[in-house]
Structure formats: structure tokens, C-alpha cells
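Q: Hey, can you work out the whole structure from these sequences and the hints?
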Amino acid sequence: MLKILVYIHAPAQTPTKGQRELLALAASLGEAAVVLGDNADDAARAGLHGAGATAFYGAVTPEQLRGELIAPAVSLLVAAVRAAGADAVLLPNTMEGREIAARAAVRLDSGVITDAVAVDQELNVTKSVLAGSYTVRARITRGPALITLKANSVQPAEAQDSGAQVPPVQTLELGESGPAARITATAPHIASGRPELSEARFVVAGGRGVDGDFGPVEDLADALGAAVGASRAATDAGWIDHSAQVGQTGVTVSPQLYISAGISGAIQQKAGMQSAKYIVAINKDPDAPIFEIADLGIIGDLASVLPQAAAEIRRRQG
Amino acid sequence: MSQKTGTPLNILVLVKHVPDVQFERHLLPNGHRLDRQDSVLSELDEYAIEAALALAESRGGEKGGNHVTALTMGPAGAANAVKKSLQMGASAGVHISDAALEGSDAGATSLVLATAIKHLGGFDVVLTGMASTDAETSLVPAQLAERLGLAQLTNLSAVELDDANIITATRMGEDGAQTLSAPLPVLISVTDQANEPRYPNFRGILAAKKKKITTLSLAELGIEASTVGTAGSGTRVLDAAPHEPRSAGEIITDSGQAGLALVDFLADAKLI
Chain A
0 MLKILVYIHA PAQTPTKGQR ELLALAASLG EAAVVLGDNA DDAARAGLHG AGATAFYGAV
60 TPEQLRGELI APAVSLLVAA VRAAGADAVL LPNTMEGREI AARAAVRLDS GVITDAVAVD
120 QELNVTKSVL AGSYTVRARI TRGPALITLK ANSVQPAEAQ DSGAQVPPVQ TLELGESGPA
180 ARITATAPHI ASGRPELSEA RFVVAGGRGV DGDFGPVEDL ADALGAAVGA SRAATDAGWI
240 DHSAQVGQTG VTVSPQLYIS AGISGAIQQK AGMQSAKYIV AINKDPDAPI FEIADLGIIG
300 DLASVLPQAA AEIRRRQG
Chain H
0 MSQKTGTPLN ILVLVKHVPD VQFERHLLPN GHRLDRQDSV LSELDEYAIE AALALAESRG
60 GEKGGNHVTA LTMGPAGAAN AVKKSLQMGA SAGVHISDAA LEGSDAGATS LVLATAIKHL
120 GGFDVVLTGM ASTDAETSLV PAQLAERLGL AQLTNLSAVE LDDANIITAT RMGEDGAQTL
180 SAPLPVLISV TDQANEPRYP NFRGILAAKK KKITTLSLAE LGIEASTVGT AGSGTRVLDA
240 APHEPRSAGE IITDSGQAGL ALVDFLADAK LI
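Respectively, the protein sequence lines represent chains A and H.
Under numbering that gives the first Met the number 0, think of the first position of the first sequence as 0, with each following residue one higher.
Under numbering that gives the first Met the number 0, think of the first position of the second sequence as 0, with each following residue one higher.
Because the hints were derived from the structure by calculation, they are not lab data.
These numbers were taken from a predicted model, which means no experiment stands behind them.
Be aware that a few hints might be false.
Simulated crosslink set (PhoX-like; lysine-lysine; CA at most 25 Å straight-line) [what the hints assert, rightly or not]:
#	chain 1	residue 1	chain 2	residue 2
1	H	Lys211	A	Lys16
2	A	Lys276	H	Lys269
3	H	Lys269	H	Lys62
4	H	Lys208	H	Lys62
So the derived list for chain A, only partly shown, Cβ under 10 Å to chain H, looks like this [stated by the list, open to error]:
#	residue
5	Glu30
6	Leu68
7	Arg106
8	Ile112
9	Val116
10	Ala117
11	Ala184
12	Gly296
13	Ile312
Even for Gly, the Cβ is constructed at its ideal location relative to N, Cα and C.
A: Structure (C-alpha cells):
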């Protein structure tokens, strides 16, 4: 049976959807053990255990993971790979996940594959390349396989109350992790109450066409329980925070539903969203390239279409 | 540009020549390699060049003894990425070129680049873009920090250097906006939020013609061919298939009821 490690960057009281996806994939491949990127109390570990984790590895000095950028997390992961005799490590396809995997691959003299959407029993990895224009299968040819998994690629594990005893944390020494930048302050993202953009099942995104007012986009997003996204034109204009940017230099999303409002659909934007299951586009310009990839295209003014749709959803939901 | 105190800086900026993202890009059937015709300087590298030039200028620029070297690796055409860097204001260029490099993955690439950076030696700052716009894995900057034993300050949206040679930077991480601090030497990657890259002006284009681009081979770097390229890579592509292009579905024109049609569509697709 393969030994699979899952790197959980920020353990929470209940595991996030992305974390449950990693655990589901790990459990489908073999025995899933978790590497804790920060402190995890009994409740957090019980949640991860309920979602499939059979063992836990953590740092003797977790404060080191919070105080220095990336390098201590790499030391922890490498120590856990050695302690567990892991065949593969699954990490989130986030900035942090990629960077930790990148450096661990150097220390372990192995390979790393990013942007995975599937991994089979032989650890062959499926991913999209060139902004979604090709599907590639690739594998790691030496050392433990380091794989970063895109959100919304696999069915998440149900978080069950396992009832069984939650395994203890096996703590590992980080040793000398080398020069690193100190993290002197962290200003947490302001909680919007909406789903995390990269993990959301539904996304409603606005572009130049919102003309400074994200109100209708946010209103439809809230009616649907969706995350709010934006094109680069909208974030560059300062209408919405840069963290909402979907596209080549922003967040890549693959939700069930992507509603694109007032976005022309330039190639950089399409690169970030065209793997969505359903795409609905609203644009005043009938020649907008977004209509070429939309399952439903509406030529019209988002300022009237979106509020009407939001009201209708609320009406039907009673 | 006001002259500031502090020692002159020796900065290395990494650049890559990639297929233009404005056009359709292809994998070649033999070996699943990227068709590299119609390539340009990776747009995201322009932010790295700008950051390098701004750091050098904060210490008085070339006249103040600061030096910005642009380094690339790749086939013959890759030197064009270095040329554009020189036109923007870099002082010298280096091009690692060798047939054995073909098929190198991120790990093999970072091995070659790190060896070249050590060979050239003496850099206070190694600067890169946040990702290349071809493979988009964003692995090489972190791997360079690992191989060079440098503090990693990556995906930065703001960078400042004080007179005591301490870098202070902002990074939008998973946990929020992080403030980072590290003394030189460092490895930095910047995002497209970090600055507005300059355009090469006429003087810059003329000046670039007199600047030198040094070519390095694997032998000159003391790298065994078996440790790079396809043979040296820790990953291998098994197969590649073009995606079925998404096709357009129904297109309607709003005559006052399109919001309801949208909701019907969501209901039919069982999304609500």
C-alpha cells in the first residue's frame, strides 16, 4: 500500500474543502498521513482524522513555521517524508504549496508536478497546460512524488465524526533550515463571509463593464452563495481588491459555474477560468470573445440582468 | 534619481524567452515540447527587470557602480530576452546555451541557473518574475533560493531596500498580506503588482547595441549533460492531447427577461 502524505498548511477547526479534496485523493491512493503546517488542537485533528487522516506529523517548534517564510516548512516536510517513508506528497496548488514542494524536490532529489487535476494508482498525474489548451499526463521519475493539486479537481472527503481515537502528533525536529526571510507582520484577509475564490463551487466575476460598481456582482454572488471574482481591468482600476483577480496572473478557478459579467474574455482572463463546468457570460458587446466559450451568452446590460437573476433566485428559494 | 548612501549593488535578473501568449500555442508532436516560434520576453519578467533597475537606481544607478546582469538559458533565440533587458537598462547579459538542455524541467533548469549564478558570483540580489508565462509552474524561484542558500522573498507586491542593506517587502500570501524582512543577499520574485515596467527608449535601444552578451556552455559551467535535459529531469511527460475547444452555447439578447432566462439555465443544469 502506498504511503501518501498530505500537507495541510493551516489546520482549522473544520477542514476546508480543499483540504478534504487532498485527503480524499490521498485515501484513494493509499494510506493518508497529514503533515501539519501549524499547530492543530484536538478538534482540528479530529476533523482531519474524520476526513481520512490516519497519522499526523508536526514540528517540535511550530512557531518557527509562522516566523520564517517557507524554509522551515520545507524542513518539516522533508523530515516527515523520511519518517513516513512516503511514496508521494500531495500539497495544495497554492503559492505556498508550490514553493514548499519546489524546495522539497531539491532536498529529496525528486520531481514535482504542479496543477494536478487527477492522480492514478501508478502516480501518473493529469494536468492542463498552455492555459487549458492541452491535457498532459506526466510522472515523477525519481524520489518521492511531489504533487500540487488544483482545487475542485476531486470529490472532497466527507468530514465524518470518526468516533475512533484520534492519532497523536509525531513531532519532528526541523534542524537548521537555512537562511529565510522573517515574517514580521501578517494582515489577515478581511473575511467577506463568501467562499474562498480558488475553492468556490460558484464564481460570479465582474470586469470593465461593471464600471466601478461591484454591487450587482456581489448581490448575485450572495444569492448563489458564490465567490466574487474580477478581471485584471477591474482590479487594476481599483474597483475591487487584487486578490479577486481571476486569470493568468491571478487566481485560477475551476468551479461548477462561472458567471462572467462585463468581461470581454481576453486570453489571460480565459486562462484562469475556462475549465469551469458551466460558463454564463453577460456582456453588452455581441463580439466579446467570452461568448465563444459561454454555455449561455446574454447580450445585455449586467446592471439589469444580474439584479433580476438575483431576485428570481431568492424568489424561487422562498 | 536621487543618490542615496549605501554600497553599490550587484543584481542578477533572470529572463525567459517564451511563446507569445497573445497567440495560440502548440506542443510539438515529437516529445511533447513547446513550439517556441514567435517567442518574446516573458511579460512577467519585465516586472523583475524593472525591480532590478529601480533597486540599482536607488543607489545611484550604473554611475554609482551598480550593476544589473540579465541571465537566460535556452536555444539561440533566447538571447532576444536578454537583448530586451539590455534595452530597458540592464548593463550586461549572459546566455546559457547548449543542445543538452532541451527538455529540462524546473528542477534541471534551477540546477543550471544556480550553477551559473555561482559561477558568475558575487550577487547581492537575484531577481525573477513570479512565473514564466509558458510552463507557469512558478517552481524555479523557490528552487533557486534552496540551491543558492539564499533567503527567499517571493511573489512580492512591494520591495524596499534600506541603507543598512535590509530588504522589507510585502507578499500577498494564503494567510493574508505578509511583511517580510531579510538582509542581503536575497532571492526575490515580484508579481505584476510590484511596479510599472518601463519601455525601452531610443537611447536605451542604441546603448544596448554596445552592451555585451556572454554565452556559456554546460562544459564551461562544469555541468554533466546527464544531469540536465530530459535525462536529468525528475519528471517526464507521458502523453499530451489537445483539448476539445469549448464551443459557444446559446446566445440571447436581453429584452427585459434575460435575468429569468439565466436562472432557468441554472435550474436546468441542476446548479440551483
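Q: Next step is simple, just say for each hint if it's right about the structure.
A: Verification of the hints:
no.: 1; hint: H:Lys211 / A:Lys16; in the structure: violated (52 Å)
no.: 2; hint: A:Lys276 / H:Lys269; in the structure: holds (12 Å)
no.: 3; hint: H:Lys269 / H:Lys62; in the structure: violated (66 Å)
no.: 4; hint: H:Lys208 / H:Lys62; in the structure: holds (19 Å)
no.: 5; hint: Glu30; in the structure: violated (23 Å)
no.: 6; hint: Leu68; in the structure: holds (6 Å)
no.: 7; hint: Arg106; in the structure: holds (7 Å)
no.: 8; hint: Ile112; in the structure: holds (6 Å)
no.: 9; hint: Val116; in the structure: violated (12 Å)
no.: 10; hint: Ala117; in the structure: violated (13 Å)
no.: 11; hint: Ala184; in the structure: holds (4 Å)
no.: 12; hint: Gly296; in the structure: holds (4 Å)
no.: 13; hint: Ile312; in the structure: holds (6 Å)
Of the numbered hints given earlier, the model fails hints 1, 3, 5, 9 and 10; all others are met.
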